[in-house]
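Visitor: For the record, the sequence lines run as chains A and B. Read in order, the letters of the first sequence are residues 1 to 297 in my numbering. Read in order, the letters of the second sequence are residues 1 to 297 in my numbering.
For the record, the hints were derived by calculation from the structure and aren't laboratory data. Do not take every clue at face value.
Chain copies aren't distinguished; within one or between two, either way the pair holds.
25 angstroms max Cα-Cα, derived SDA-like pairs, lysine to any residue [what the hints assert, rightly or not]:
(1) K47 to N248
(2) K262 to L86
(3) K15 to G144
(4) K262 to D79
(5) K262 to T50
(6) K134 to K154
(7) K272 to F96
(8) K274 to S159
(9) K47 to T260
(10) K262 to S173
(11) K15 to R133
(12) K263 to H95
(13) K263 to A247
(14) K26 to G295
(15) K187 to L86
(16) K15 to S193
(17) K134 to G209
(18) K154 to R133
(19) K187 to A247
(20) K47 to G174
(21) K4 to G209
There are 2 protein chains.
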Amino acid sequence: MISKIIIGVDLGGTKILTGILSRDGKVLGTPVKIQTGGTEPVEMIIKRITDSVELSLSNIGSSISDVMGIGIGATGPLDIDGGVILECPQLPTMHFFPLRKTIEDYFGVPVYLNNDANCLILGECIFGAAANRKNVIGFTLGTGLGCAIILDRKIFNGSTGTAAEIWPSPYQSGTIEDFISGAGVSKIYKSISGEDKSSLDVFHLAVQGDEQALQTWKEFGAHLAVPLSWSINMIDPDIVVIGGSIANAYNFFKISMEETLKKWICPVPSQKTKIVPAELGDFAGFIGAACLVIGNN
Amino acid sequence: MISKIIIGVDLGGTKILTGILSRDGKVLGTPVKIQTGGTEPVEMIIKRITDSVELSLSNIGSSISDVMGIGIGATGPLDIDGGVILECPQLPTMHFFPLRKTIEDYFGVPVYLNNDANCLILGECIFGAAANRKNVIGFTLGTGLGCAIILDRKIFNGSTGTAAEIWPSPYQSGTIEDFISGAGVSKIYKSISGEDKSSLDVFHLAVQGDEQALQTWKEFGAHLAVPLSWSINMIDPDIVVIGGSIANAYNFFKISMEETLKKWICPVPSQKTKIVPAELGDFAGFIGAACLVIGNN
């Protein structure tokens, strides 16, 4: 009997990253990265997705008959139950497009769709920083604030598929995403230095020991304690995983985040709840998408 | 075959309310209300609990052999898995007392323990405002801010039994409970009128049409939208039930709560998620406690 392989597709507005995973979490061959061309006609985007799957398979000398299923982690919002992309700003030609069914019809294998933040944290729950934990919250810190809840290795989607979408929650005079986002890091840095820098620049400056950049990450950590405390108080998880591009700066915001958080959570979880950085690195997106197949089998 | 009855005990720092429920949610006989004497020796409190159960049974001509189980909803914090009262400020003589085992040994029937806010909302999920809903959040607005999550008619306790304990979460310069509590209502009223009044007084004044009291409830509703938005964004429930003594003022804070909330939750839930007042009234505490037995059978 051949151990079947799984395909994960990380579908963003800018790039598609597709890779193959064994049942025990090993990446097989070299993942395929291509430009999404997110504003081009939907047929072209679908062709790029199917091409990336076929190329990944031919790279390891396999065919679709070896594939157990395909998981797609897409930038949202999505209709998860229906397998449909909703009015996603990064994929304007795909609004209300039945992505899951289209890919399923093309390849004739089961296809699962969920949002990229959910997939990323699902991957960490199965093969990464939260492996073997029952009750997990994940934060994805990138352009915006993503969050996911994983209970017993299943993504908790809520009643309308928007569970853990905490980005519009109120904070100060706006929303929490005004601070917990790439733009938020830039805004904090500007309030300290008067200069415009991207969050990546502020990270590199911190690596070089720049005081204003280090202060920015310290303040960012204190702001991050706000959504962490609300979500830990709500879910009471075993562990919180922090991933996404901004998590590269984890060691610069860790101490202020932890110190501020202690004031705002219940005594027992403040002793017990672990907070850790994500472990799966650059491939976390497609590994997590592939985990949708594992979670459903 | 005799249809077995269920006993619910609502154990607060001030009073014990014990009643009998049929399997289909009917209150049988007259519930028994006695003073807890929360600061007296633990043996005396236990005797009052067992007396209240025996008196409830004799009132309807039943005995313990007719009882399927006893549910106790207690003021917390609790070790729910262990069935133990922790360092509860309202029950100082009961710290670390094994309440569940003590009552179980006395009566020889299964006993279930959970916190009063969880029980209250569980009751609403089984027989009240959220009957037949899968995914429910409940808020209990009284002296403090209680919250509960009920998934598939089971209380979601989290990893350390503190799921939904959102009261210490940050808001403005303090915690959300500084506003969403009896003391919070008094503080808002004082900021408007300069006068000290209890939340009950502010409710009665609003009933009489007092402008400052009406303004207080309007502001309270806007503050209440803060924990509502964070918890709705996190859980994406079918329905939110608002109970507790302060929910008597529901119609005074409803509009400002709903209007403010719309700004801070995702587009889909903002259309679909229902928010409703609790329905079970004065007996909600012991009915909810009794529902612990139904939920476990």
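Visitor: Does each hint fit the structure? Answer for all of them.
Guide: Consistency of the hints with the structure:
1. K47 to N248: neither (33 angstroms within a copy, 58 angstroms between copies)
2. K262 to L86: between (38 angstroms within a copy, 20 angstroms between copies)
3. K15 to G144: Within one copy only: 17 angstroms inside, 49 angstroms across.
4. K262 to D79: Only across copies: K262 and D79 sit 21 angstroms apart there, 36 angstroms inside one copy, limit 25 angstroms.
5. K262 to T50: Answer is neither: 47 angstroms inside a copy and 39 angstroms across each miss the 25 angstroms cutoff.
6. K134 to K154: both (9 angstroms within a copy, 17 angstroms between copies)
7. K272 to F96: between (43 angstroms within a copy, 19 angstroms between copies)
8. K274 to S159: Result: close only across copies, 12 angstroms inter versus 28 angstroms intra.
9. K47 to T260: neither (48 angstroms within a copy, 44 angstroms between copies)
10. K262 to S173: Both: 24 angstroms inside a copy, 15 angstroms across copies.
11. K15 to R133: Cα proximity of K15 and R133: none, with 31 angstroms in one copy and 40 angstroms across.
12. K263 to H95: between (43 angstroms within a copy, 23 angstroms between copies)
13. K263 to A247: within (22 angstroms within a copy, 28 angstroms between copies)
14. K26 to G295: within (16 angstroms within a copy, 41 angstroms between copies)
15. K187 to L86: neither (30 angstroms within a copy, 44 angstroms between copies)
16. K15 to S193: Neither, since 33 angstroms and 58 angstroms both go past 25 angstroms.
17. K134 to G209: Neither. Shortest intra-copy (38 angstroms) and inter-copy (51 angstroms) distances fail the 25 angstroms Cα cut-off.
18. K154 to R133: both (11 angstroms within a copy, 20 angstroms between copies)
19. K187 to A247: within (17 angstroms within a copy, 40 angstroms between copies)
20. K47 to G174: Close neither inside one copy (40 angstroms) nor across copies (53 angstroms); limit 25 angstroms.
21. K4 to G209: Result: close neither inside a copy nor across copies, 48 angstroms intra and 71 angstroms inter.
Of the hints listed earlier, those the structure fails to meet are numbers 1, 5, 9, 11, 15, 16, 17, 20 and 21, in rising order.
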